[in-house]
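Enquirer: If you read the sequences in order, they're chains A and B.
Going left to right, the first sequence walks through residues 1 to 342 as the UniProt record's numbering numbers them.
Going left to right, the second sequence walks through residues 1 to 342 as the UniProt record's numbering numbers them.
Please note: incorrect hints may appear among the correct ones.
If you anchor each label on the Cβ, the simulated ranges turn out as follows [as the list claims (entries may be wrong)]:
hint : chain 1 : residue 1 : chain 2 : residue 2 : range
1    : B       : Leu105    : A       : Glu4      : 49 to 57 Å
2    : A       : Lys242    : B       : Gly92     : 26 to 34 Å
3    : B       : Lys12     : A       : Leu38     : 52 to 60 Å
4    : A       : Ala30     : B       : Leu14     : 50 to 58 Å
5    : B       : Thr315    : A       : Pro156    : 36 to 44 Å
6    : B       : Gly310    : A       : Lys242    : 48 to 56 Å
7    : A       : Tyr8      : B       : Ala15     : 41 to 49 Å
8    : A       : Ala30     : B       : Thr141    : 45 to 53 Å
9    : B       : Thr141    : A       : Tyr8      : 14 to 22 Å
10   : A       : Ile331    : B       : Ser154    : 44 to 52 Å
11   : B       : Asp271    : A       : Glu340    : 46 to 54 Å
12   : B       : Arg334    : A       : Glu4      : 58 to 66 Å
13   : A       : Tyr8      : B       : Leu14     : 52 to 60 Å
14   : B       : Asn90     : A       : Tyr298    : 39 to 47 Å
Derived from the structure by calculation, the hints contain no laboratory data.
All of these numbers come straight from a predicted model, not from anything done at the bench.
Here a beta-carbon is modelled for each residue, glycine too, at the ideal position from N, C-alpha and C.
Number of protein chains: 2
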Amino acid sequence: MEKEITIYDLAKILALSPATVSRALNDHPAINAKTKVLIAEKAAELGYRSNTFASHLRTRKTNTLGVIVPRLNSNFMSTVLAGMEEVANNFGYNLLINQSLESELKERSNAKTMFNSRVDGLLVSVAYDTDSFEHFSTFITRNIPVLFFDRIMSHPQCGAVIIDNEQAGYDATRHLLDQGCRRIMHVTGDLRRNVYADRLEGFKRAIAGQNLPLDNRLILSTDLSQEAGRIIADQIDQMVEKPDGLFIANDLCAAICMQALKDKGYAIPEDIAIVGFNNDPVSQVVSPQLTTVFYPGYQMGKTAMTTMIGQLNGTKLIDNSEPIILRSELIIRRSSIRLEKS
Amino acid sequence: MEKEITIYDLAKILALSPATVSRALNDHPAINAKTKVLIAEKAAELGYRSNTFASHLRTRKTNTLGVIVPRLNSNFMSTVLAGMEEVANNFGYNLLINQSLESELKERSNAKTMFNSRVDGLLVSVAYDTDSFEHFSTFITRNIPVLFFDRIMSHPQCGAVIIDNEQAGYDATRHLLDQGCRRIMHVTGDLRRNVYADRLEGFKRAIAGQNLPLDNRLILSTDLSQEAGRIIADQIDQMVEKPDGLFIANDLCAAICMQALKDKGYAIPEDIAIVGFNNDPVSQVVSPQLTTVFYPGYQMGKTAMTTMIGQLNGTKLIDNSEPIILRSELIIRRSSIRLEKS
Chain A
1 MEKEITIYDL
11 AKILALSPAT
21 VSRALNDHPA
31 INAKTKVLIA
41 EKAAELGYRS
51 NTFASHLRTR
61 KTNTLGVIVP
71 RLNSNFMSTV
81 LAGMEEVANN
91 FGYNLLINQS
101 LESELKERSN
111 AKTMFNSRVD
121 GLLVSVAYDT
131 DSFEHFSTFI
141 TRNIPVLFFD
151 RIMSHPQCGA
161 VIIDNEQAGY
171 DATRHLLDQG
181 CRRIMHVTGD
191 LRRNVYADRL
201 EGFKRAIAGQ
211 NLPLDNRLIL
221 STDLSQEAGR
231 IIADQIDQMV
241 EKPDGLFIAN
251 DLCAAICMQA
261 LKDKGYAIPE
271 DIAIVGFNND
281 PVSQVVSPQL
291 TTVFYPGYQM
301 GKTAMTTMIG
311 QLNGTKLIDN
321 SEPIILRSEL
331 IIRRSSIRLE
341 KS
Chain B
1 MEKEITIYDL
11 AKILALSPAT
21 VSRALNDHPA
31 INAKTKVLIA
41 EKAAELGYRS
51 NTFASHLRTR
61 KTNTLGVIVP
71 RLNSNFMSTV
81 LAGMEEVANN
91 FGYNLLINQS
101 LESELKERSN
111 AKTMFNSRVD
121 GLLVSVAYDT
131 DSFEHFSTFI
141 TRNIPVLFFD
151 RIMSHPQCGA
161 VIIDNEQAGY
171 DATRHLLDQG
181 CRRIMHVTGD
191 LRRNVYADRL
201 EGFKRAIAGQ
211 NLPLDNRLIL
221 STDLSQEAGR
231 IIADQIDQMV
241 EKPDGLFIAN
251 DLCAAICMQA
261 LKDKGYAIPE
271 DIAIVGFNND
281 PVSQVVSPQL
291 TTVFYPGYQM
301 GKTAMTTMIG
311 QLNGTKLIDN
321 SEPIILRSEL
331 IIRRSSIRLE
341 KS
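Isolated chain A (complex conformation) (with noise of 0.2 Å):
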């Protein structure tokens, strides 16, 4: 690679002292404007580059933040993503971004990278399978903030950006008992996750509080993929008591499954209700559309990223906080609507 541009060069080639030459290009006033534009044209042309990168290892800090998401080609960890890139951008701070895979293997590999990368702070949301806090404990020693979201691990020193999953499992599976659902299946992801076992918690709460048995076969702990979602309608088909109405944690996985049991004869709400979640746009385009739970994907990588810049100009306290926690939302379509409102 080519030798570096300094501003002695720039200097020497302009026939102007070094200290002209640096106050230009921090827009001192004491420079006339012509000259400004004369050293910034000719840093442009032989590709000067302000020497942020050494000066790094004078403050130690990189103005990177790593994130790590379970996969990156997910409509709602997309959105995360935009969310957080828009707010970082704003703040002049760069993103390493990698993706785990689901597996904690991984994830712990790209923590590394981020950690020997010396980013600022590390944003994550944990893979299906992660079960160690380890990996992320050595960014707390080094007291670099590691802030949760979505799917979180409780510690601390970290802050944690959630929806109220319990809440929103609860008002999904309470909407398709108020439309006269008795029998109602629940798929979900790895329980081992706050997001999903939240979630559960919340059908629980509902189902108990019409005074319906708890049938844990109607639990259904799936990968939530499109996949899952053709199993889940054979698996429905063959029952001997089939579900009248089924709440499935993700809009794909529901809409695949929606479609499934379409082609098998199955009328949808009439037969089976189905709420999915995410309010995903695959949601609005299935017919019939499909009743969802609005998840603020954007606005949760905006908290985030707006909690994790606080923390570290220090105008944001973490420790022993409590997650925040932001709003979700039950949008009811007709996939669900059985019963005319009176």
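Since the structure of chain A is provided, determine the placement of chain B on it from the hints.
Expert: Just chain B now, with coordinates in the frame of chain A:
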């Protein structure tokens, strides 16, 4: 921030020589396994970071690659990024990712940030309105490779990975013609971008191939948003001579438009046959399922990243090379089938 832990600190604490510690951390065969474990554990406990950051200053390599995409929250782009991340991770590269939000102004600012962060290479899919190459030439001047993917700019020193958009546009239109459509509307994006300009060329070639007149009122340049889908449906509803076929260069826009047309009482595909683009998950859950062009986003991400890393390793030459063209494929579904196969 705390003082950085060095090999010397570790050596002192463990009462070993710095050379032993250094060798152990580099997995040198002269150090026995027990000692290696002891040192590795202590290093982890104290938060030792391999001194890649300082060594970057010496080698002038950061092992970081910049990626600028128009929007993070698009199913297509997040699929491309997932493919890139997988390859980059395997080769020990980190990704700095940001989004131009379809604005050349922000793209310029992003490029500057990437440049100052000393990325080893830059991968870009350009914004809707990018006209200038200037913000990329800074990289070229410094021998930092720039590679374009999907939405590309032509430059002899820049690699490019695309699909054959002209052929894809031809195939989509030809299919509608084969289904008996004679008045086909094409809804596309900003024609400054190769992906849309090339698809339009393919559209025109197919129309000309049937000796049909080209009606410019049937070519609409939009932002391909969900809102655009609704507006197009309104426009069609108000046309005196309505189209009998619709080729929309984005699945989500096409799905929303189809839904709006159905709501207005149009039968799909009988009144209007529809073809989308990308093979987004929505194309499979709409009713009728949407004919579309499979766009190999994941493979594009992997190919672009492999090419970039090959260029950095010196195993791939880019100068004056042709763009790499990936195979796309028309996927025929019910939204466009008006004639049974004979």
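Enquirer: Next step is simple, just say for each hint if it's right about the structure.
Expert: A quick look at each hint next to the structure:
| no. | hint | verdict |
| --- | --- | --- |
| 1 | B:Leu105 / A:Glu4: 49 to 57 Å | violated, 27 Å |
| 2 | A:Lys242 / B:Gly92: 26 to 34 Å | violated, 51 Å |
| 3 | B:Lys12 / A:Leu38: 52 to 60 Å | holds, 53 Å |
| 4 | A:Ala30 / B:Leu14: 50 to 58 Å | holds, 54 Å |
| 5 | B:Thr315 / A:Pro156: 36 to 44 Å | violated, 49 Å |
| 6 | B:Gly310 / A:Lys242: 48 to 56 Å | holds, 55 Å |
| 7 | A:Tyr8 / B:Ala15: 41 to 49 Å | holds, 46 Å |
| 8 | A:Ala30 / B:Thr141: 45 to 53 Å | violated, 29 Å |
| 9 | B:Thr141 / A:Tyr8: 14 to 22 Å | holds, 19 Å |
| 10 | A:Ile331 / B:Ser154: 44 to 52 Å | holds, 45 Å |
| 11 | B:Asp271 / A:Glu340: 46 to 54 Å | violated, 31 Å |
| 12 | B:Arg334 / A:Glu4: 58 to 66 Å | holds, 59 Å |
| 13 | A:Tyr8 / B:Leu14: 52 to 60 Å | violated, 43 Å |
| 14 | B:Asn90 / A:Tyr298: 39 to 47 Å | violated, 31 Å |
Hints 1, 2, 5, 8, 11, 13 and 14 from the list above are not met by this structure, while the remaining hints are.
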